[in-house]
Amino acid sequence: MMKRETTGGNRRAAVAIWVAAVAIAFFFAGMVFCGTVEIPADAVARVLFGDVDDAVVLTIVRDVRIPMALTALVAGMALSVSGLLLQTTFNNPLAGPSILGISTGASLGVAVVMLGFGGWLGAGLGCYAGILAGAFAGAAVVMFLLLLFSMAVRGNSMLLIIGILIGYLASSAISLLNFFSTQQGVHSYVIWGMGNFGGLTWERLGVMGVSVAVCLAGASLFVKPLNALLLGRRYAGSMGVDVRRTRNWLLVISGALAAVVTAFCGPVGFLGLVMPHVARMSTGTSNHVWLFPATVLFGGAGALLCAWLSVVCGGGQIIPVNAITPIISVPVIIYVIVNRKKL
Amino acid sequence: MKHIKEMVRCLAAVALVAAVAVSAGCRGKSAETSGETAVKPEAVNLMTEAKLLRLYKGEGYYRAEVVNPWDTASMLGAYLLVERGVEPDSVPEGAFTRIDVPLERSLVYSSVHAGIIDEMGAAGAVAGVADGEYFKKSPYRERIAGGGIVNVGSSMSPSMEAVVALSPDAILLSPFENAGHGVIERAGVPVVECADYMEATPKGRAEWVRFFGLLYGRGAEADSIYSVVRDSYDGLSEKVAHSGERPLVLTEMLTDGYWFVPGGASYMARLIQDAGASYPWCNDGSAGSLQLDFSSVYAKAADADYWLIRTYGHDMSLDDLRSVYLLNSQFKAFKDGNVFVANTAEVPLFEEFPFHPEKLLMEYASIFHPEVTGENLRYFKRAKGY
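Chains Z and A, in that order, give the protein sequences.
Numbering-wise, the first sequence is residues 0 to 342 according to numbering that gives the first Met the number 0.
Numbering-wise, the second sequence is residues 0 to 385 according to numbering that gives the first Met the number 0.
Honestly, I wouldn't trust all of these hints.
[What the hints assert, rightly or not] Label pairs and their calculated CB-CB ranges:
(1) Z:55 <-> A:97: 56 to 66 Å
(2) A:160 <-> Z:55: 39 to 49 Å
(3) A:369 <-> Z:212: 50 to 60 Å
(4) Z:144 <-> A:182: 15 to 25 Å
(5) Z:312 <-> A:43: 41 to 51 Å
(6) A:331 <-> Z:312: 30 to 40 Å
(7) A:321 <-> Z:322: 52 to 62 Å
(8) Z:25 <-> A:281: 37 to 47 Å
(9) Z:212 <-> A:48: 55 to 65 Å
(10) Z:143 <-> A:281: 45 to 55 Å
(11) A:321 <-> Z:329: 32 to 42 Å
(12) A:160 <-> Z:219: 52 to 62 Å
[Stated by the list, open to error] Result set (DMTMM-like, lysine to aspartate or glutamate): computed pairs, CA atoms no more than 20 Å apart in a straight line:
(13) A:331 <-> Z:52
(14) A:358 <-> A:117
(15) A:299 <-> Z:53
(16) A:202 <-> A:48
(17) Z:223 <-> Z:241
(18) A:299 <-> Z:52
(19) A:331 <-> Z:62
(20) A:380 <-> A:283
(21) A:50 <-> A:222
(22) A:135 <-> A:345
(23) A:202 <-> A:86
(24) A:299 <-> Z:241
(25) A:334 <-> A:251
(26) A:331 <-> Z:53
(27) A:358 <-> A:370
(28) A:383 <-> A:251
(29) A:202 <-> A:220
(30) A:56 <-> A:86
(31) A:56 <-> A:220
(32) A:299 <-> Z:37
(33) A:202 <-> A:233
(34) A:334 <-> Z:62
(35) A:334 <-> Z:37
Derived from the structure by calculation, the hints contain no laboratory data.
As the structure is a computational prediction, the values presented were derived from the model and not from experiment.
A virtual CB, placed ideally from N, CA and C, is assigned to each residue, including glycine.
Build the full structure now, drawing on both the sequences and the hints.
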């Protein structure tokens with residue numbers, strides 16, 4: 000009986016994973032064929048098959064649309080896995096990179112770069128490296144603080160609260176920087192804060208992709224400890240899992256994933272919180288053997304959907320990604336809260 | 000008998016028509032002959048180019064109306080400018096904010112307005128400023144540093160205590176859409192809504208100097224400044240209009256995935272076209288900015304001949320531009336080395352062009368048509384590194 004149930008559960012999870020993969024293909028094609036500039040589908044297809052006859056169309060499809068779709072895909076995967084790791088680690092369905100203060104820490108790092116130097120770094124220049132460094136440094140500081148407190152605080156809930164408080168502190172510092180900054184600096188920071196998947200060229204996308212791939216590979220090694228953590232700290236400990244060490248590694252990986260995305264795409268909200276739940280509901284399991292790949296794929300599909308909507312709903316302009324993600328995510332969050340017993 | 004009745008009817012009709020015609024003629028003559036006295040002087044709007052400001056001269060006062068830029072059917076402010084210490088014989092009906100002029104202790108939020116006030120010779124009437132760090136030019140910088148001018152803090156949230164202690168006779172500030180002025184409105188000080196920055200034409204914005212002239216008792220100086228601006232602007236735009244070639248011009252750059260370009264009906268689009276160039280979005284009807292992505296910009300402006308970029312604090316080179324976003328190097332202007340950059344932290348572009356658009360027009364004309372004007376750049380530099 001047990002075996003049959005498991006097989007049925009596996010089948011459902013497998014179907015869900017296939018659905019997510021098809022959704023990725025569908026939305027990816029949508030991103031490539033639909034954009035802010037009207038290009039006939041046959042012209043796009045010619046670019047894809049290497050039969051180029053228009054340099055402008057080639058640049059737009061090959062160097063703008065495809066990198067944007069890939070950026071959304073990679074960012075969605077990274078944020079979702081970050082959220083999954085945090086939700087399991089803290090045994091809290093509302094944990095996510097933005098809740099724990101990691102994204103806010105990255106934002107503070109960028110704010111220091113953009114606003115703390117009279118705004119000239121944020122004007123766009125060498126500054127790109129500065130923004131990346133700022134995001135990583137900000138996220139790293141928050142992660143370091145969380146790890147530091149994790150040595151003093153036993154309970155996961157308390158650590159979660161400390162993460163939230165650190166996030167508030169970072170927000171306060173951002174407000175102060177904004178207040179004392181130049182108008183140009185505030186303008187740059189506000190634009191960055193809108194979040195976007197369209198600012199990366201192939202070169203930078205490669206850096207982001209490799210970084211995320213390394214982190215995802217690292218996270219995949221923790222599938223078994225994650226399953227053990229689902230059963231509680233004591234049970235995990237009895238199974239030979241070094242709970243504190245595992246928790247610290249998971250924090251570092253999830254923090255790195257959030258920092259990479261924030262550095263390259265700005266603070267993209269909600270996806271990290273919601274997509275693990277979509278994966279859970281679709282697969283009907285909490286077994287990370289299935290949940291982990293499902294989260295990766297649903298995260299990618301969700302981000303692609305948001306990116307696609309931001310392009311096609313703007314009437315020739317790009318709607319900020321952060322204006323789209325709550326519309327898709329909030330109903331899911333409310334559903335999760337209302338039906339928490341079922342999770 | 001029947002014929003007689005018809006004749007009487009006809010005569011009556013003719014008489015009626017004649018009476019109406021004579022009556023109408025008399026009225027017309029009456030209006031023509033007494034036109035100078037019947038039409039009140041107030042009825043003539045003194046502003047000719049500005050669309051958001053109406054200025055009327057009354058007997059012993061000026062009446063100013065600032066149109067709401069975001070709802071042109073309504074007013075943002077209505078003012079009665081009355082000479083200090085003199086009571087006019089009559090004032091028009093309606094709700095007006097009375098301002099005793101010339102101003103003697105004004106609080107000015109914007110360095111742009113302070114600049115033109117100084118040019119009119121009335122800098123001494125500025126007693127306070129907001130965002131004091133933006134006032135980089137003399138005499139304000141020295142007076143702020145020396146305490147002669149009070150800095151009331153951020154223009155978005157000024158210190159109410161500092162404003163009350165200053166007790167200005169008027170506050171000149173720039174309005175924002177659907178935003179009040181907070182506690183400042185309760186200070187009992189006239190607030191002058193300077194919506195000049197929302198004017199869609201260079202000369203329209205520059206003409207606001209005449210209003211400031213009346214506020215500071217420098218009407219003649221202001222009129223003189225404006226007429227020089229207008230004549231220079233018209234003369235130069237006429238000159239380049241006949242230069243034949245109209246290069247395509249791209250502005251600004253991609254920032255974090257978004258590219259803000261001036262709308263086709265905007266101030267900057269107008270200035271570019273008046274400088275003898277073509278603007279890729281000239282058919283767009285928007286007076287504000289368009290928020291575009293790279294694809295949209297590239298599809299329209301890949302072949303742009305010139306690329307104008309404003310930065311803050313950095314003299315951007317072509318290498319910088321390429322490193323910010325690799326595809327920037329795909330534009331024709333980039334390949335031709337025709338990228339011009341204005342570092343607004345170092346050149347007084349934002350401070351000067353609002354009331355001296357002829358200077359920016361000359362700058363643009365120098366870039367687009369050096370054969371007509373010679374190359375004499377004041378704000379922009381050709382980007383290095385190519």
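Kindly indicate which numbered hints from before are broken by the structure, ordering the numbers from low to high. 2, 4, 7, 20, 23, 24 and 35
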